[in-house]
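In case you want the letters, here they are:
There are 2 protein chains.
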Amino acid sequence: MESFFNVKKPDEVFSIIDGFEPVGKETVSLEDALGLVLSADITAPEDLPAFFRSVMDGYAIMARDSFGANESLPAFFEVTGEVLMGEAPSVVLERGQAINISTGGMLPKGADSVVMVEYCHLLDDATLEISRAVSPLENVIQPGDDFKEGSVVFKKGHILRPQDLGLTAGLGIPEIPVYKRPKIAIISTGDEVVPVNRRTRPGQVRDINRYTLDAFCRQAGAKPLFIGLCPDEFKPLKEMVTRALEQADMVLISGGSSVGTRDLTIKVINELPEFQLLVHGISISPGKPTIIGRSGKKPVIGLPGHATSALVVAEIFLSRLIRRLSGCNYLQKRIHPLIKARLGQNIESAGGREDYIRVRLLPKGKSIIAEPVFGKSGLISTLVEADGLVKIDMNTEGLYKDDLVEVMAFSSRYGDMYYLNEKAVQT
Amino acid sequence: MESFFNVKKPDEVFSIIDGFEPVGKETVSLEDALGLVLSADITAPEDLPAFFRSVMDGYAIMARDSFGANESLPAFFEVTGEVLMGEAPSVVLERGQAINISTGGMLPKGADSVVMVEYCHLLDDATLEISRAVSPLENVIQPGDDFKEGSVVFKKGHILRPQDLGLTAGLGIPEIPVYKRPKIAIISTGDEVVPVNRRTRPGQVRDINRYTLDAFCRQAGAKPLFIGLCPDEFKPLKEMVTRALEQADMVLISGGSSVGTRDLTIKVINELPEFQLLVHGISISPGKPTIIGRSGKKPVIGLPGHATSALVVAEIFLSRLIRRLSGCNYLQKRIHPLIKARLGQNIESAGGREDYIRVRLLPKGKSIIAEPVFGKSGLISTLVEADGLVKIDMNTEGLYKDDLVEVMAFSSRYGDMYYLNEKAVQT
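Residue numbers (our numbering), protein chains in the order written: chain A, 9 to 435; chain B, 9 to 435.
So here's chain A without its partners, still in its complex pose (with noise of 0.2 Å):
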């Protein structure tokens, strides 16, 4: 059994995972870029809105024919036609001229305002009574009031949401320059390890993480390619590695629980090619055997077999690596919603680790109980059962009841919106 030699602090793996790069760029289509990171500035190539529009329904008119109007005296105006969606106006607005305009309507030449249908009052189809004054661009947005031709829209590393997108159709753009979604290769390795659909023989254990490992992958904004499931034998692992690492810009092998498959996992990556071995164990618990490994710029990651501390490490560290790799510049150490809550019980804790506890949230009035949910870390229904993780930190040796912790908060797409209103009224 190789010791680990190497054992980091979280510190100093976090370093090392930001000294990654993003791993590509390219150009997509709007509808293809939600939540993905702009590689370059979008800069507006003309005025947004383009023309002067009116963003109420009423009449367009000169603002100085309204002055001093009110309900005891009225203006009175000659309405002369009215704007088409769609369409510039062609007639030219005269002192003492009203015309009829939709909300989004462009305004005619000579009009400077828009007084809302709610103020006027037809007296017959040409004549028109308002019982308000308005003052010059009232109701009216002007030529680039949104964005003004070649100023910089969004900054490069920003996230694009639904309305950013939006807007940039609104600026006439299609296509946007994006950092490239990663695609992790995702290998199981272990003697014991067999596919969901087959029947377990006693010793044996069905491949849970493949899938845990698979939605935290699209969930963090990944691609990820099953390779597939390997046994604890050097020669197609390193096969199947050298396959993945091909095809993909990150690997992750998830070691079947056992001193053999880790071993084996460093024997096979050693020997990759441009290999570097960065982290060789962390200290944290669960997931204290981790092994992080560089193949040139693709990093190649060895998980531990337990399938709740291959996920803690991946909420933990995998997280900020796949952010890394996809351009996002957001490098925080904290990358889950957290949520105040008040421990429910004591929890000790080793000294010179950081622990990752689970805890379930519970509503207690006002505030939010954070109970642990106990069990070896060999059993995933801690994991099922858990809301999320709290941290106790390195040089702590425990948490007591009642103390105010940040809960880390798994995330999923409603999960978040549950977790953090309806329970999670924050204390």
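Treat the hints loosely; a few may be bogus.
[Claimed, not checked] For the chain B half of the interface with chain A, some residues (derived, Cβ under 7 Å), not all of them:
{"no.": "1", "residue": "Glu-39"}
{"no.": "2", "residue": "Leu-42"}
{"no.": "3", "residue": "Val-63"}
{"no.": "4", "residue": "Met-93"}
{"no.": "5", "residue": "Asp-154"}
{"no.": "6", "residue": "Arg-214"}
{"no.": "7", "residue": "Arg-226"}
{"no.": "8", "residue": "Val-267"}
{"no.": "9", "residue": "Pro-345"}
[Stated by the list, open to error] So, partial list: chain A residues that the calculated Cβ filter (under 7 Å) puts toward chain B:
{"no.": "10", "residue": "Leu-42"}
{"no.": "11", "residue": "Ala-96"}
{"no.": "12", "residue": "Asp-172"}
{"no.": "13", "residue": "Ala-315"}
Simulated from the structure, these hints should not be mistaken for lab results. Note that beta-carbon positions come from the ideal geometry of N, C-alpha and C, so glycine has one too.
With the hints as your guide, set chain B onto chain A.
What follows is chain B alone, placed relative to chain A:
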């Protein structure tokens, strides 16, 4: 111009939304199930784990043979073999014997505990000295420790996370019953609206809502389906809406901003089969001119034309409707990550409606400032510059600078993480 005779309060609209049913059920493979909602309970078809498993590397023994052992008085054992990963050990352990076992290995008959390798010292090939006593079942997980055969693992309505899919795989269940992802048809209307790749003439604007709504639906877990861009004419719009209803579970008609478009939408949808108009105007700003109806079981929504109004309505109401159609049974009103912040300046609000103010989040020492983004609602830049929304209740005349507010943060895969952590140290 049709008036909004039927303006409803937001709470009334939520009740109407909750009256819609999930769009249907299907069975999907584990790779396709992330974020979907279970449509039936999942029961464990067998014990997990299925056998006594070691959770440590070490030696399997009978615990009572170790009682009293310590560093100064070690216990001695005869080593009779090794457990191979993935196989049921053929040997039976007798008193005084020890068998080498790895993490995840199956305990041989006769053994009831595992001594960690750290407390074991091999004196020769067949003689083991241990320096610490273990109790029965120490370092061992028993059959059913995760889940017992027949127990309910997940209840109907559960939203599937990575660890949940892993556990399901562990139980040998390759496919899983879920509610279908709703398919949402999107139609853009307005004589002034042109596609993104078209040069605009004066008076024309590009189709922003198509992209905003497409991305919004994806983010909320639905499948968007763009039907087309339609001029403000009865016959083509009716044909398009009819086609949309055939192909999708819900229809979104995003109006141009003019009155003409809004009136037309009402006329068209009133002729749909089994049509019922449920909401014609909501007392919120922005977003008042929203239409909600149903054609049979399918929602038909008319959104305001302004991109900003349309997206605010989507954030507040559409997200809840999509969750409802997705089978989610968490029907709370608020569906956003909430961030506590101090308001950056006074905001006035008209009575009789809920106001949704766009705000930017700025860190300030240990707290966060929510700085209002002002601008006419026709400007999409107000949404692009914002990080979330602050609601001003119907019966409030406004909020004061430094008031503590809850910001409904816009969600985006990375965005959540970013806002909730780097900026958002809770006050």
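Against the structure, the hints come out as follows:
no., hint, result
1, Glu-39, "holds, 6 Å"
2, Leu-42, "holds, 4 Å"
3, Val-63, "holds, 4 Å"
4, Met-93, "holds, 4 Å"
5, Asp-154, "holds, 4 Å"
6, Arg-214, "holds, 5 Å"
7, Arg-226, "holds, 6 Å"
8, Val-267, "holds, 5 Å"
9, Pro-345, "holds, 5 Å"
10, Leu-42, "holds, 4 Å"
11, Ala-96, "holds, 4 Å"
12, Asp-172, "holds, 6 Å"
13, Ala-315, "holds, 5 Å"
Consistency note: the structure conflicts with none of the earlier hints.
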